[in-house]
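**Student:** The residues making up each chain are set out below.
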Amino acid sequence: MSRHGKTSTATREAELLQGTLDMLILTVAALRPIHGYAIVQRIQQISKDALQIRQGSLYPALYRLENRGWLKSEWKTTDGGRDAKYYSLTKAGRQQLEMETAGWKRLCEAISLVLETAE
Amino acid sequence: MNWNAWFRRGQWEHRVDSEFRFHLESQINDYINQGLTRKEAELRARREFGPLELAKDDSRDQKPGQWLDHFLRDVRYACRSLRKSPGFAAAAILTFALGIGANTAIFGVVHAVLIKPLRYSEPEQIYNVEVVAPRADSQFSSLSATIHIYHEWRKAETAFGAMSALKPWECTLTGDGEPELLGGAHVSTNFFAFLGVPPAHGRGFLAEEEQLGKDRVVVISDGLWRRRYGSDSNLVGRTIDINGQSHLVVGIAPASLLVPTGALLHPMLSFAPRIDIWKPIAPTKRELDPNNESWDYGLLVRLRAGENAERGRQQLQAILNRYYRTLLPESSIELRTQLVPIREIYAGKVRLRLLLILAASVLLLLTACTNIANLFLARVTSRASEFATRIALGAGRARIISQTLTETTLIAMLGGILGAGLAGSGASLLAAYGPDEVRLLSDSRLNLTVFVFAMAASAVTGILCGVIPALQSHRKDAAAGLQEGVRGALGGGWAARFRQLLVGVEMALVTPLLTSAGLLLHSFVNVMRADRGYQVERVLAIDLSLPGQRYLTGESRTAFYRELAGRVRDLPGIQAAGAISALPATSETSSNQAIFHATDTDLLSVVHERPVGMIRGVTGGYFAASGTALLTGRYFAEHEPTPVALIGESLANSLWPGEARATVVGRTFRQGDVTGPLITIAGVMEDVLPGASDRKPLPIIYRPYHQWASERATLVVKSAQETAAPAPAVRAEIRRMDAGLPIPAIRTMREIVSASVAQRRFQMMLTSCFAFLALLLGAVGVYGVVSYAVACRTRDIGLRIAVGATRSDVLRWVFSQGMQPVVIGLLVGLAAAIAMATALRSLLFGIAPTDPASLGGVVLALLLTSGLACYLPARRAAALDPMTALRHG
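So the sequences go chain by chain: E and Y.
The opening position of the first sequence corresponds to residue 2 in this note's numbering, with each subsequent residue numbered one higher.
The opening position of the second sequence corresponds to residue 35 in this note's numbering, with each subsequent residue numbered one higher.
Bear in mind the hints are in silico, worked out from the structure with no lab data behind them.
Incorrect hints may have been included.
[Unchecked claim] BS3-like mimics (lysine-lysine), calculated; alpha carbons at most 27 Å apart, straight line:
(1) E:Lys86 <-> Y:Lys90
(2) E:Lys73 <-> E:Lys86
(3) E:Lys77 <-> Y:Lys90
(4) Y:Lys73 <-> Y:Lys90
(5) E:Lys73 <-> E:Lys106
(6) E:Lys73 <-> E:Lys92
(7) Y:Lys383 <-> Y:Lys730
(8) Y:Lys383 <-> Y:Lys150
(9) Y:Lys90 <-> E:Lys73
[To be verified] So, partial list: chain Y residues that the calculated Cβ filter (under 7 Å) puts toward chain E:
(10) Glu53
(11) Phe56
(12) His57
(13) Ser60
(14) Glu82
(15) Phe83
(16) Gly84
(17) Ala89
(18) Asp92
(19) Ser93
(20) Gln96
Think of the CB as a built atom: it goes at the ideal place given N, C-alpha and C, for glycine as much as any other residue.
Given these sequences and hints, build the entire structure.
**Tutor:** Below, the structure is given as structure tokens:
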């Protein structure tokens, strides 16, 4: 019955990327409605293949974000004429993204500050 | 949670599938476009995606309401695994059912008697008022009230908004069938309104009906209405004959009306065991005489909202003392009042016993718990490889623990449901065989609170039983578990030691339970064996009441009882028969009077120093029938011209302390008043104990029947046979003498005594029953652990035999291994048992808390049963063939 218990044992990668993956998804979905496969492609493209995620672990994250009300989804037909589920950011998702981005920047600054001082 | 999502689960699965399929196919297409073959593209896409099912599972976990899904899956899994081992499941469920059933039944009683609000309006505002007089050796710790006290209090303005009075009443109902002796009460006209329980049909009493002449109105009980009048809806407004006078039935009380019976309200007021009729109190001139000092009123008061009970008590006390000071200006006696909450009336005497019974049943449940925990632990260890496999396949530890817990909780809940069913029938048994308090307050229907208790107890015990096996289940390192398989896990010292510890704990729980059962049993035997001063075997008691109109004079009543006793004596198989005005064993409270020395002249100066005596009129033949022995002096002659008495030994001692019995004979005393006639003591009788025999002897004074000729009397008959066989013949004889008498209740003396020890027996029986079950569970626990250990160590034992250990060495080794935790648990339990016994000292009779017989019996019983439980597997171990054991063990 412990949701978090299960999630944490799911994959090691997911754990590594826990906070970051959510933020990346939100960032990618902020531009336009986008389906799961395109999100993976987009993340790998942006990070220049530095961030390897197991593709399967993307979906639990998508569902979690949708469940929290940060993403909304709708089924649409792709250019290739297939049915795909498109995700887009909700208002709450946009706020969350802003918060996380700000938080992330602060963290990065803090870390680089520590690293610089340590040198 | 989102129920729509829940119901559309199938749709959800479908959508996830198509989403994943879209992802994989897009990827494959891209790879094919990059130049890979279809096969390569598929393989690569699959690899990069990772296990499909895992992704799906994890996605599913993100859905709201997922815990329910998990839970149901766990339940399904638990059901499946229990179906695979039905014997284990049945044993565990039954053990739980017993433990929870016992607890639920007892909790039901505790809830009904001690917790549930009484069926009155605002019952917590109602108190019984008692008077405490500083009389040194009184039989009673407090007094009830007199009519004068009632009137003084009623007219005063106090913190109590209302006051209601009630006094015992007994009457004969005639017409519409056989004459019937009814238990009833005279009550103040506001009685039903006071309690907040209006009659179900008709009305309560009117204020003016407390005037003599207007008081020929009655309210009857629902039981009487159904029994005698077939629920006749026209009965209200009709008249019925009570004691030969017609009375108007104005109301029928609801079936649920709760009124004090027996001596519940106050030991000085003896109501019938069942109250069937109520009539207004309409005092006669004689009753209103200031010299009437009958303490026969029970008073209930209702506190005004927001008032303080203690302030009210002081107000009543001030009024009381002011009243007595105007009556007896030179008296210096200070009386006190005390308030008893109405619940205490019903629950006060049984509270300690009930709580102890509850404690015993909790101990039983805990014993059952340890047993089941042990069973599960064994099961978990034997399934170590299964768990190891599942952990290796990626099951999280939380899931494994929650699955194990689900299994124990499921078993506990199933046991709980079964137990609640058992408790239902148990509760009606308890209500039927319990003491009055339990009978009055219990409702055998299983109510919601009790059911919730059963389910909560099941859940808690399920988790309690499951938590240790659950922690153990994931403890094994996955890889090691897989390699070693079952055998490795079994030898695992940790689990084995823990199972031994559980056996020790079990014994430590069983010992105090057995000890208290032993002590209560021994006390009960002592109570039953005590010399009461009257025969219990082969004696019948027949309660009779002669209607006032036909037997107006003492002579006519004396003649009737003498004649009846004579006729009964002549019946075949009868050894002796005689009448007494009220049986000492049951009616302790009627005809109590202060006893004065012949030299006392001023009533007021000595009244609080003189003892109270119970006056009883007896016909010839009574002592022969009851078996009460004459210690010195002589019995009554057929006709005693002057007032004479036979006096109980303990009363003689308190009247003339330190003087020899023989010197008491011939002395004189007065009863009731200093102006009464002098009564000469003809002899001293053996003391008579109350029915429960655990209080001091009754201060009894016997008078010849013609000098103390009450309307009511009890015929005591001693027969040659063991049974109640002469009862019909006796009844026929009564019919022959007067067909208009109510059908007498004929009881054996054994029944009477047994009813007076109802509380004690109730507790003793239940505690013994629980102790026996716990002993059985304990033995099963020991047996389980030892035979399991033997099964796991077959190889080890085979090796020992192979290298030269004899069969008796093996026997001794296994036996001592098994008994070790038993003995340690027993020692710890004994310490707890003695502490517990000291706490229940007030319930013991004739023994100390460290009663060697009880303690010895407990130790013996425990050692014997667990010894047997160890011996059986030990013998099996000793009979092992070493070669087979080494090869296959």
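**Student:** Taking 7 Å as the limit, does the beta-carbon of glutamine 96 of chain Y come near enough to a beta-carbon in chain E?
**Tutor:** 4 Å, holds
**Student:** Tell me if the interface restraint on serine 60 of chain Y is satisfied: Cβ within less than 7 Å of some Cβ in chain E.
**Tutor:** 4 Å, holds
**Student:** Please work out if lysine 383 of chain Y and lysine 730 of chain Y have their alpha carbons no farther apart than 27 Å.
**Tutor:** 18 Å, holds
**Student:** Would the hint on serine 93 of chain Y be counted as holding, given a Cβ-Cβ threshold of 7 Å to chain E?
**Tutor:** 5 Å, holds
**Student:** Hold the hint about phenylalanine 83 of chain Y up to the distance rule: shortest CB distance to chain E must be less than 7 Å.
**Tutor:** Because about 5 Å separates phenylalanine 83 of chain Y from the closest Cβ in chain E, which is inside the 7 Å limit, the hint holds.
**Student:** Keeping to a limit of 27 Å between CA atoms, is the pair of lysine 86 of chain E and lysine 90 of chain Y held or broken?
**Tutor:** 16 Å, holds
**Student:** Does the CB of glutamate 53 of chain Y sit less than 7 Å away from some CB of chain E?
**Tutor:** 5 Å, holds
**Student:** Can the hint on histidine 57 of chain Y be confirmed by a CB-to-CB distance to chain E that is less than 7 Å?
**Tutor:** 4 Å, holds
**Student:** If you take the shortest Cβ to Cβ gap from aspartate 92 of chain Y to chain E, is it below 7 Å?
**Tutor:** 4 Å, holds
**Student:** Given the hint that lysine 90 of chain Y pairs with lysine 73 of chain E, does the C-alpha gap stay at or below 27 Å?
**Tutor:** 19 Å, holds
**Student:** Does lysine 383 of chain Y pair with lysine 150 of chain Y here, judged by a C-alpha cut-off of 27 Å?
**Tutor:** 17 Å, holds
**Student:** For the hint on glycine 84 of chain Y, just tell me whether its beta-carbon gets within less than 7 Å of chain E.
**Tutor:** Holds - the Cβ of glycine 84 of chain Y comes within 7 Å of chain E, reaching about 4 Å at its closest.
Hint check: no violations occur; every hint is consistent with the structure.
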